[in-house]
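Those protein sequences? They're chains A, B and C, same order as listed.
Residue numbering for the first sequence follows the working numbering, beginning at 172 and increasing consecutively.
Residue numbering for the second sequence follows the working numbering, beginning at 12 and increasing consecutively.
Residue numbering for the third sequence follows the working numbering, beginning at 42 and increasing consecutively.
Simulated from the structure, these hints should not be mistaken for lab results.
With a straight-line cut-off of 25 angstroms between C-alpha atoms, the simulated BS3-like cross-links for lysine-lysine are:
no.	chain 1	residue 1	chain 2	residue 2
1	A	K173	C	K376
2	B	K105	C	K434
3	C	K424	B	K90
4	C	K379	B	K128
5	C	K309	C	K161
6	C	K376	C	K71
7	B	K42	C	K424
8	B	K91	A	K298
9	A	K321	B	K90
10	B	K128	A	K175
11	C	K549	C	K612
12	C	K589	C	K549
13	C	K617	C	K589
14	B	K45	A	K298
15	C	K593	C	K627
16	B	K92	B	K45
17	B	K128	C	K376
18	A	K279	A	K298
19	B	K74	C	K627
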Amino acid sequence: MKNKILFIFLFTFTFFCFFIFLKGLNNSKIYVPNENSYKEFSSFKAKKLFNNEELNSDSLFDGNKLYLFNIWASWCAPCRDEHDKLMHLSNNSSIKIIGINYRDNLIKAKKFINKFGNPYSEIVIDKDGTIGVSLGAYGIPETYVVDRNKKILKKYLGALDLEDLKEIENLLK
Amino acid sequence: MNYFKKIILIFFYFFLFEAYAQNSNIDLINKISKNIRCLICQGQSVYDSQSDFAISIKVVIQKKLDEGYSENAIYDYLKKKYGQWIVYEPDFNKNTFLLWLLPILIFVIGGILILKKSKIIKL
Amino acid sequence: MLFSQIGYYSLFFGLFFSFSLFPIIYKDLKINNNIVSKNIFINVLLQLIFVFNSFVCLIISFVKSDFSNETVYNNSHTTKPLFYKISGAWGNHEGSLLLCLLVLILFIFIFLNISKNQPKKYQIFTLIFQQIIIIGFFLFLLATSNPFNYLFPNPKEGLGLNPILQDPILAIHPPILYLGYIGSSIIFSSSLSAIIQNYVNDVWAKNLKKWVITSWFFLTIGIMLGSIWAYYELGWGGFWFWDPVENISLMPWLCLTALMHSIVVLSKRSILASWTLVLSIGSFILSMCGTFLVRSGILNSVHTFANDPERGIFILFFLFILILVALFIFFVLYKPQKEEKNFFLLSKETSVLINNWFMMYFLSVILIGTIYPIFLEVINNEKISVGPPFYNKLLIPFLVPFFILMSIGPHMQWIKSSFKRINKNLIFLFILSTIFSFLIYNEIKSSGLFTTILIIGVSYLFLVTLRDLFTKNNINLSQRVSHFGFSFLILSIILNGIFSTEITQNMKVGENYKFNNTTIYFEKVSFFEKENYKSVVGTFKIIDNNMKMYLKPELRVFNQPEIITSEADIKVNFFKDNFLVMNIVKGDEFYNVRYQTKPMMLWIWISTIILASGGLINFFVKKKYEK
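Extracted from the complex, chain A is given alone in its bound form:
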């Protein structure tokens, strides 16, 4: 009798495991940021790229509807790819784009901006990458779409493409 219960239990447990693993196989293997970590945007203090003044991120939030925090660097090839999309977005008066220059050589960073254009209303320096960590970033380029209440609406991993542009523009509505 005991054996029968054990058998049925193991049998059922086997099926249970089978379905769990089946479902597990279909899940994405790449780490996708958890919905729950779309949280409050945490403030930071940093020096500006072009005049070395100290900037508090709270002061950035004025009357604009959307704030894009874009983490980039001159040594990052995909950042170069998405740069024209950022230039396009910078024409939109409801969007303010802030650049966070990540672990970069300052001279090369300035050259990058001078050569390819400046879509940013401000650029701050993140020499050691700590601002990136405070945002929850783990690579570049990454773009954070934040509303005027400092809530992170969306996070883009990798270079922005045309689809992402459309999404951002839709968020304005």
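Based on these hints, arrange chains B and C on the given structure of chain A.
Then chains B and C, alone, in the frame of chain A:
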């Protein structure tokens, strides 16, 4: 009787072991970074990796230590930013209590089975 | 191209011989004699020949750099040295599966040849169950993992030039590991067959023992090779990371170790039959689970092969069919013989049970730690990591009672022991180990009470097994050697863990750095052009406690693919390794320099070899009489 002694001994060792962990004189930042996963590497800790991400995290850990954060506070900070996945040692909470307790349960069941098998105890 | 085709069709022939076997078996089962029909032997031999041929064809395709073969294209390159071209044949998913299939058939062939004194129907049913596994592998190979896919147009050059994978140890580590994993297939098939044939007894156990030891031996060496490679090649100074793929090799090992012990009990005293069956079936299931977890991409690890969910689904199906069949046969068809109900507490039987108890606990820790994150993610969408702190916390405290029990256990008599047998020598050695441990306590100023107890435990085990080793007869020689090897291994690991030191510092050329009694002088950096990489060699002078040495770690900058690998310079000494590795810090002229001293590394490898050779001794030493 014998069985209870065994269990008590085992928990005694557990607490001793915790005491050992506290007394250890390891560099705190190394200890913490060994416990943090490098999220863009495949299976390396932040201590072992030289990637941008790992170096940034190490800087953050050092800064927080300088600001007076405790080890657990640093883990909490990183977990808030990146999720539970970034810390190698799983918490003990409603999601993970089974993870910690199931092996112990199995050990206890095994012990009971053996004691049943050796019911006739002769010295 | 030709060889790929021959290889491909050979596989079909091989599969055919699985099916052609069944009518022959059916006929032979009806004949009432005690000899397995020659036709069966011939059939299995033919299958072996064709699959072996297929494997050889794959190797030839690699050697000839035949890039019309997709597997060769993905995993090889014309500039690869010949040795790595050959080893590349089994260093990929498809080739390794072909090797597994070959071993499956080889082992059943050997089994049929050396089991001629065993009941005929038992042999045949073992063959049947093994063939079920073989057919499963054939189908998996041909349907999802064909090593002979044709690529058109034929590429001129291959993709497979990852320099990290070109290493001699890494070349032989997989085949030896597979011998271990697949070796347990015979144990599985034999167990199911024995249940059906009512042959689960001491005779069966005596004969199965050699298969258990063989599988265990290869698995031990395979795991050791993997750790050696990780230590020398990966540059982190560690040899075990509780990485899921490492755990997956350790689980069948624990099961096989437990099985080795319980099968001895079954063969000598005819008890613990059901439990032995559970372990036998479990070892192979764990091996297959491991295959699934690694190759399906469901786990995140340093070691994963190319991930393909479709393959994962196939293996999952196959695995669960095997489990359900085994469950059914064990619970429904097994008629256990009447066994002695209870053991005495002080007896060798109980000692073995206690050993199994601890082994199963260790196994459950590792199994749950590896699989729990998958379950949690599917059920709760929570992603957690389970790393070294978890395993250390749950395993290390249990080592102490385990060591003490392992010291006493082998000295127990069968059936019943008494306290009088625990003779003065054992007590003396206990005192000796306590002294030893306090000496160590003085060395490391800040160790807790627990470390002391841990060291007492392991050094006691070490001394007891050492003393046992010097007993002048052949009784239980293989057990004494293996136990000594095991205790030496754990002692080395613990000493290594306690006494390892490391210094990490960012340094520029020409700088030096002093920490405690160690000074590192970063003398210079030299640049060399090699065949396919640029070499950056740092020259360091290290003065460690008045010992002077030069270490030259290297950075290799590859073009194709574009990666930088770091080669540590390791000075291997008798009691201590000196380990230096450097890495570029991007954007600066700094190099990140890490200097480590790692005691007892050499002895970790040597003691593992001693542990494994204990098993080997079993095959070569004639036992005068059993104890």
